[in-house]
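Chemist: With chain A held as given, fit chain B with the ligands onto it using these hints.
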Amino acid sequence: MQILDGLGMTLGVFALSLILSFPLGIVVAILRLSKVPVVRKITEIYIWILRGTPLLLQIMLVFFGLPSIGIAFDRFDSILIAFVLNYAAYFGEIIRSGIQSIEKGQRESAEILGFSSWQINMKIILPQVIKRTLPSIGNEVITLVKDTSLVYAVGQNDILKYAKGVANSTGSLVPYVLAGVIYLVLTYVITKVFNEIEKKVNYEE
Amino acid sequence: MLLEANNLFKAFRDTVVLNDISFSVNQGEVVSLVGQSGAGKTTAVRCVMGLEKCDKGTITIHGRFVCKTENGVCTHATKKELAQIRRELGMVFQAYHLFPHLTVLENVTLALTDVYKIPKTEANEAAVAMLERLGLGDKINNKPNELSGGQKQRVAIARSCVTNPKLLCFDEPTAALDSALVVEMVNIIKDLAKKDGIGVLIISHDEKFVRDVSDRVLMMEQGRITRELSAEEFKQIMRA
Ligand SMILES: Nc1ncnc2c1ncn2[C@@H]1O[C@H](COP(=O)(O)OP(=O)(O)OP(=O)(O)O)[C@@H](O)[C@H]1O
Ligand SMILES: [Mg+2]
Numbered sequence: 001m002q003i004l005d006g007l008g009m010t011l012g013v014f015a016l017s018l019i020l021s022f023p024l025g026i027v028v029a030i031l032r033l034s035k036v037p038v039v040r041k042i043t044e045i046y047i048w049i050l051r052g053t054p055l056l057l058q059i060m061l062v063f064f065g066l067p068s069i070g071i072a073f074d075r076f077d078s079i080l081i082a083f084v085l086n087y088a089a090y091f092g093e094i095i096r097s098g099i100q101s102i103e104k105g106q107r108e109s110a111e112i113l114g115f116s117s118w119q120i121n122m123k124i125i126l127p128q129v130i131k132r133t134l135p136s137i138g139n140e141v142i143t144l145v146k147d148t149s150l151v152y153a154v155g156q157n158d159i160l161k162y163a164k165g166v167a168n169s170t171g172s173l174v175p176y177v178l179a180g181v182i183y184l185v186l187t188y189v190i191t192k193v194f195n196e197i198e199k200k201v202n203y204e205e
Numbered sequence: 001m002l003l004e005a006n007n008l009f010k011a012f013r014d015t016v017v018l019n020d021i022s023f024s025v026n027q028g029e030v031v032s033l034v035g036q037s038g039a040g041k042t043t044a045v046r047c048v049m050g051l052e053k054c055d056k057g058t059i060t061i062h063g064r065f066v067c068k069t070e071n072g073v074c075t076h077a078t079k080k081e082l083a084q085i086r087r088e089l090g091m092v093f094q095a096y097h098l099f100p101h102l103t104v105l106e107n108v109t110l111a112l113t114d115v116y117k118i119p120k121t122e123a124n125e126a127a128v129a130m131l132e133r134l135g136l137g138d139k140i141n142n143k144p145n146e147l148s149g150g151q152k153q154r155v156a157i158a159r160s161c162v163t164n165p166k167l168l169c170f171d172e173p174t175a176a177l178d179s180a181l182v183v184e185m186v187n188i189i190k191d192l193a194k195k196d197g198i199g200v201l202i203i204s205h206d207e208k209f210v211r212d213v214s215d216r217v218l219m220m221e222q223g224r225i226t227r228e229l230s231a232e233e234f235k236q237i238m239r240a
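Sequence lines, in order, name chains A and B. So the first sequence is residues 1 to 205, counted in our numbering. So the second sequence is residues 1 to 240, counted in our numbering.
Careful: at least some of the hints might be erroneous.
Claimed, not checked - The list that follows gives simulated cross-link-like pairs (lysine-lysine, BS3-like), each with its CA atoms no further than 25 Å apart:
(1) Lys68/B to Lys79/B
(2) Lys68/B to Lys53/B
(3) Lys143/B to Lys123/A
(4) Lys35/A to Lys53/B
(5) Lys104/A to Lys190/B
(6) Lys68/B to Lys117/B
If you are wondering where the hints come from, they were derived from the structure by calculation, not from laboratory data.
Just chain B, with the same shape it has in the complex:
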């Protein structure tokens, strides 16, 4: 199992946001997390990324602990351990958060050269290949502000994927896309999952998109996962 999250609890002050949720993502699998606004979807993913510390529960990525609960005591990965785990993780935020002072190419190469210490020419090659695969070959020298929303998002995907993560999370990937681009996003994500074997965890409100992209759908409600559906079951529910 690539990602396993078990019995997560998380409260902000006295509002319980995650109330005993468990989920998992396999290699090459696309799992969607759906549910009403405020259900706790983003918080769950942020816990996986180590951006938020859950109060209780156990999260493993390829067997490495992001957090671990034993005898009711929750311990979190140290900075160093987290850095190691994050080599397997990628996240595309709803607002993309590209680095505005860098070109598209630099946005994608910076982690390769500075974190992974890959020589510049090699990093450039890898980044250009990734950008071309995502249809951005002609934008490599542009600044993020010169791109459309959909293009920015693809740069964010390239930036996350160029380091070969095993698990890629998306928060609302279709929120800013028109329907043609949504279709494209389905293809991009499926390609990453099937060709590269990346496990993908998606937060989305967009039922059609979820139907087309997912292998499995988790329905969340008030901090709990209330239903877990296969792609087929989700399609049937949508028809009904």
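So that you can see chain A by itself, here it is in the shape it has in the complex:
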């Protein structure tokens, strides 16, 4: 089955994008809430641009556009850069809203107890933020699975590319349906995983 060869690429883009963009999103959120106005503003602009333009355009810009000014990445790296930067902006905004939803008294209590800012963020704020934002993060992760099909536009051999190839040569509808089923299975698995995580971290507040 050729289409399964494409699955590796789809999963690769998905997994690497997720693993890299989520921590970067945390950093984006923290910078976005920085006390230093310049840092805050720059982060805001970054988020605005990355969320305000199509991901497909960003991928093309990195892969086709940057070489014209002498910065060239190979196909896969270009894709990854665009995905990570883009998703970090989305995750960043979700996490920022989560951080802001936690009453500031917790941070103040922790400060008086002597925790450093880093400890407060990592041990006290972030665990609660992740719990509160889990549904939105889950949505974003599902969108990410589907967005991986954009790599097809720069000629990467993912599920969709293979499906199209097979469909063209056989004149059959089946490859497209099969591709659809694979995406459904992936999103189903992700939904289940997130439901489990939600159950695990569930506590009333």
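Modeler: This is chain B with the ligands only, laid out in the frame that chain A set:
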């Protein structure tokens, strides 16, 4: 002197909230700050805790400066200095602000293990002892949301006291308590002051509670301390 605050001024934009107030708390002494809503009580305590920066004035904890004013220029403790000073401070907020994702025990041990770098078993022992002293021995593995308001407050006290602060501040400690629990709170606070020698600064509207718990009462009005009374004098005023 444990806490000394002298000539504090603080304004938020153009509203003057602290207008030249001075107060002090001794070791083992319970001092209450009373006064109408908006008088500036919380702001005064927040300045002591380093959560708010006063515009002018001098605050010392055991001789260490939270802020210092010389020749009209007010300088505040650096982050590092403040961290050092805060080892002597504890605060129980009106809304407690327990960490909801941690158990009662973890709420109390976290500062010991992560800030004071005390080994986990030792930290647990200290925390359990403190929780038992406050009557929470059977709640150590519960999450904060499984506790009543009074129990949450005692966890907050345990969390503050387990690090052996020299000065403990309470903002409205009886606001959410029924009268039986208020009596209990009086005993807890007196015990901490007399047994452990902790200086306690309390903000309260509850006159009976203030009467029963305080060694000294400061009356605040529009950013000023208008009267300073001994416990006896306060009792007489209340009778009148
Ligand atoms: N962060 C802030 N920004 C602007 N104004 C503030 C801020 N904090 C307090 N104030 C103002 O300062 C004044 C004193 O507030 P503070 O909380 O110290 O009063 P309080 O004596 O504790 O009152 P209460 O008994 O209602 O708690 C109020 O008028 C309040 O509106
Ligand atoms: Mg107040």
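Chemist: Need the status of pair Lys143/B, Lys123/A: alpha-carbon distance at most 25 Å?
Modeler: holds, 16 Å
Chemist: Taking only the CA atoms, is the gap from Lys35/A to Lys53/B under or equal to 25 Å?
Modeler: holds, 16 Å
Chemist: Would the hint linking Lys68/B and Lys117/B be met if the CA-CA limit is 25 Å?
Modeler: violated, 31 Å
Chemist: Take the C-alpha atoms of Lys68/B and Lys79/B, compute the straight-line distance between them, and say whether it is at most 25 Å.
Modeler: holds, 15 Å
Chemist: So if I understand the rule, the pair passes when the alpha-carbon distance is 25 Å or less; does Lys104/A with Lys190/B pass?
Modeler: With Cα atoms ~29 Å apart, Lys104/A and Lys190/B exceed 25 Å; violated.
Chemist: Take a quick look at whether Lys68/B and Lys53/B sit within 25 Å of each other, Cα to Cα.
Modeler: Between Lys68/B and Lys53/B the Cα gap is close to 11 Å, so the pair holds against 25 Å.
Of the numbered hints stated above, those contradicted by the structure are hints 5 and 6, listed in ascending order.
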